[in-house]
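*Asks:* Each chain, written out:
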Amino acid sequence: MSKEILLVEDNKVMQLLMTKMLSSRGYRVISAFNGIDALAQLDKHPSIQLVLSDWMMPGLNGIELCYRLKSPEYGRYIFFVLLSGRDDKESIVEGINAGADDFVAKDTNINELDARLKAGLRNLELHNQLITKNIELDRAYATMKEDLESANLLIRRMLPSQTSFQGVELHYTHIPSAQIGGDMLGCMQLDEDHIAIYLFDVSGHGVTSALMSFAIQQSISSNSASNSNVKRKKETDPFYSLRDPSEVLARLNRSYINQDDNNLYFTMVYAVLNTKSGLLNYAFAGHPPMIWLQKQQQQCLFIQQESFVVGMFDFADFQTEQVQLNCGDRIFLYSDGITEAESSDNQQFSEQGLKQLVQDLADQPAAKQTDTIVETLKSWSGTAQFNDDISLLVFEWKGN
Amino acid sequence: MSTGKFHKQYSSCLEASRTVASDILPFWQSLGLDVAVTGQMELCLVEIVNNVFEHAYSNLEGAKFEITSYLSDTSKLVIEVSDYGDSMPTHILKDLPKMDFIEPLAADPNTWLQSRRGLKIIQQLSDKIEYHSHKSRNTFRLLRKTS
Amino acid sequence: MQFDIIEKGQYTVIQVREARFDAKLAPSFREELEKIQGNIRDHLVLDLGDVRFMDSSGLGAVMGAYKMLRNTKISIVNPQKPILDLLKLTRIDKLILSHPTIEDALAPTT
Numbered sequence: 001m002s003k004e005i006l007l008v009e010d011n012k013v014m015q016l017l018m019t020k021m022l023s024s025r026g027y028r029v030i031s032a033f034n035g036i037d038a039l040a041q042l043d044k045h046p047s048i049q050l051v052l053s054d055w056m057m058p059g060l061n062g063i064e065l066c067y068r069l070k071s072p073e074y075g076r077y078i079f080f081v082l083l084s085g086r087d088d089k090e091s092i093v094e095g096i097n098a099g100a101d102d103f104v105a106k107d108t109n110i111n112e113l114d115a116r117l118k119a120g121l122r123n124l125e126l127h128n129q130l131i132t133k134n135i136e137l138d139r140a141y142a143t144m145k146e147d148l149e150s151a152n153l154l155i156r157r158m159l160p161s162q163t164s165f166q167g168v169e170l171h172y173t174h175i176p177s178a179q180i181g182g183d184m185l186g187c188m189q190l191d192e193d194h195i196a197i198y199l200f201d202v203s204g205h206g207v208t209s210a211l212m213s214f215a216i217q218q219s220i221s222s223n224s225a226s227n228s229n230v231k232r233k234k235e236t237d238p239f240y241s242l243r244d245p246s247e248v249l250a251r252l253n254r255s256y257i258n259q260d261d262n263n264l265y266f267t268m269v270y271a272v273l274n275t276k277s278g279l280l281n282y283a284f285a286g287h288p289p290m291i292w293l294q295k296q297q298q299q300c301l302f303i304q305q306e307s308f309v310v311g312m313f314d315f316a317d318f319q320t321e322q323v324q325l326n327c328g329d330r331i332f333l334y335s336d337g338i339t340e341a342e343s344s345d346n347q348q349f350s351e352q353g354l355k356q357l358v359q360d361l362a363d364q365p366a367a368k369q370t371d372t373i374v375e376t377l378k379s380w381s382g383t384a385q386f387n388d389d390i391s392l393l394v395f396e397w398k399g400n
Numbered sequence: 001m002s003t004g005k006f007h008k009q010y011s012s013c014l015e016a017s018r019t020v021a022s023d024i025l026p027f028w029q030s031l032g033l034d035v036a037v038t039g040q041m042e043l044c045l046v047e048i049v050n051n052v053f054e055h056a057y058s059n060l061e062g063a064k065f066e067i068t069s070y071l072s073d074t075s076k077l078v079i080e081v082s083d084y085g086d087s088m089p090t091h092i093l094k095d096l097p098k099m100d101f102i103e104p105l106a107a108d109p110n111t112w113l114q115s116r117r118g119l120k121i122i123q124q125l126s127d128k129i130e131y132h133s134h135k136s137r138n139t140f141r142l143l144r145k146t147s
Numbered sequence: 001m002q003f004d005i006i007e008k009g010q011y012t013v014i015q016v017r018e019a020r021f022d023a024k025l026a027p028s029f030r031e032e033l034e035k036i037q038g039n040i041r042d043h044l045v046l047d048l049g050d051v052r053f054m055d056s057s058g059l060g061a062v063m064g065a066y067k068m069l070r071n072t073k074i075s076i077v078n079p080q081k082p083i084l085d086l087l088k089l090t091r092i093d094k095l096i097l098s099h100p101t102i103e104d105a106l107a108p109t110t
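Chains as they are written, first to last, in the working numbering: chain W, 1 to 400; chain A, 1 to 147; chain Z, 1 to 110.
Think of the hints as simulated: they come from the structure by calculation, not from any bench. Be careful, since some hints might not be right.
With a Cα cut of at most 35 Å, we get these calculated DSBU-like pairs of lysine-lysine [to be verified]:
#, chain 1, residue 1, chain 2, residue 2
1, Z, Lys73, A, Lys64
2, W, Lys398, A, Lys8
3, W, Lys118, W, Lys133
4, A, Lys128, Z, Lys35
5, W, Lys295, W, Lys355
6, A, Lys145, A, Lys94
7, Z, Lys81, A, Lys145
This structure is a prediction, so every number in the text was calculated from the model and none was measured.
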């Protein structure tokens, strides 16, 4: 680090003597003859950070100069050493208040002055390193933030763009948590008579979970090929058949059984609705129950299965089951971000709570129901920002 | 008896006062001054020169200062010491008369080391002392009656 | 500093062999005293017989010695007139006693 120093001293003889003395100790001395000149010299030499200044000077004196150089508006960190006259004890207090870093009596011997200036240079070195590190940290953080924001945008793009299907009205809400998360939901037309509806929840938070959820979404939604996770190739017309929900989950399990230690797994519910008949085939993988709002009977039921999660056990197996929907029935799929939302006194909203709420809102149109559920949840937890992703999908079978 | 004027320039350093003393004593003797007086004036001059080195020039060597000495028409010995360094604050000389030599007491360490003993000595041994600064030149002037 | 040391019973005598006890001498006086600090006996006698000139720096050095050697009595012997006058002018003679000869200094006080 360069040993540049600005010497501010109005007496020419003193200036020459001190310059000579400081130069003999290896300092590169720039001189100024008063406070105003000091500011000009600092502008001219932007690399100087060490200032040794006399106290008594015409115009801007040492104390006033110190105030200026130590103010937050001054664009550089300066280590300021005030030269105090022998009898200027009061100025020491004033100097401290002005922000001076050290005081040296004018008749201090050169060794002590040199030692103090060297300490000042070490201080500058530390300070400058700290500033550099902070700048790097700020940049890294900004990049991370940008990346997370981009990732969140991608997540939004993976959500279903199409929510209107023949015979089915569908609404969803997807509110990611503060951190990026691993919830995803989807619906797609498998063929003329069938739509698939699913919701899955990758364990954990953060970028790893999000990446996994992208991958899973890709594996499910790429059904354009006749051989995919959701369709099987057939020799005869129509040359494909739909895979049962249990088979879909089993295939996903084989793909995502993890070899690494990262303990990523996901829960899922995958359902296929025959839009002509209203028959709903489904399979669960460790996921919370669906809620079935029966229009005619005016009641709410859980549809659930005890099941393994996907991606953890290679021996896991999955079952397909079915229910027959009636016209106007609604099915709610959701993730545990909703049921595990805690109130201020640590009460979870719970599956029962959600079921009850759905029951209470039975008469509302489906679109309004999802909004109301979210609002209710917000007042339950008392915050607008949830700890976990909130995913909710409701579909109504309109009948034939 | 010589009635000339002593004027010489010196370079600041720790032993400058010795050089000054050995230069000026013969001159004062040539003025016919009493040995007691020259002894006291030597002390005063050495104290002033010490102050120039220590305070005007902050112990830095190589700075110029000047000594002038002569008898005034009224038979007063005039000694002038000029430097180009830091000026002495004006209150120092002003407050000096109020200060007395404080007798050092064994029980009170504050009384052992006293700053400005030098100035006080000068004041006691002179008839008049003055100090003024003009255009970065400081002059300490001392007057002593010789008769 | 040129000097001699004599040790005698309770006394350490330092004979300062310099003509001027001034700003130039004061630092080395201090240094020498620091070196022998541990070995100084109860009474330090400064023989200033050779000293023809003393100023406030010299006084400061002597008072510095007084501060450094807290439990030691300090006396000055063989002071020349200007030195005696200075001690009197500055009232240091009240704290640091002067005696014309070493024998007077060493004589027990009655």
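*Asks:* Each hint should be assessed against the structure and marked as holding or not.
*Replies:* Here is how each hint holds up against the structure:
Annotation: proposed proximity of Lys73/Z to Lys64/A is violated, straight-line Cα distance about 42 Å (limit 35 Å). In summary, the hint linking Lys398/W to Lys8/A is not supported, as the alpha carbons are separated by about 118 Å, beyond the 35 Å threshold. Note on Lys118/W and Lys133/W: the hinted pairing holds, with a Cα-Cα distance of about 23 Å set against a maximum of 35 Å. A distance of roughly 43 Å separates the Cα atoms of Lys128/A and Lys35/Z; the hinted pair therefore is violated under the 35 Å criterion.
Restraint check for Lys295/W and Lys355/W: satisfied, since their Cα atoms lie roughly 14 Å apart, inside the 35 Å limit. The suggested pairing of Lys145/A with Lys94/A holds, with an alpha-carbon distance near 22 Å, which does not exceed 35 Å. Distance restraint check for Lys81/Z and Lys145/A: the Cα-Cα separation of roughly 21 Å lies within the 35 Å cut-off, and the hinted pair is therefore satisfied.
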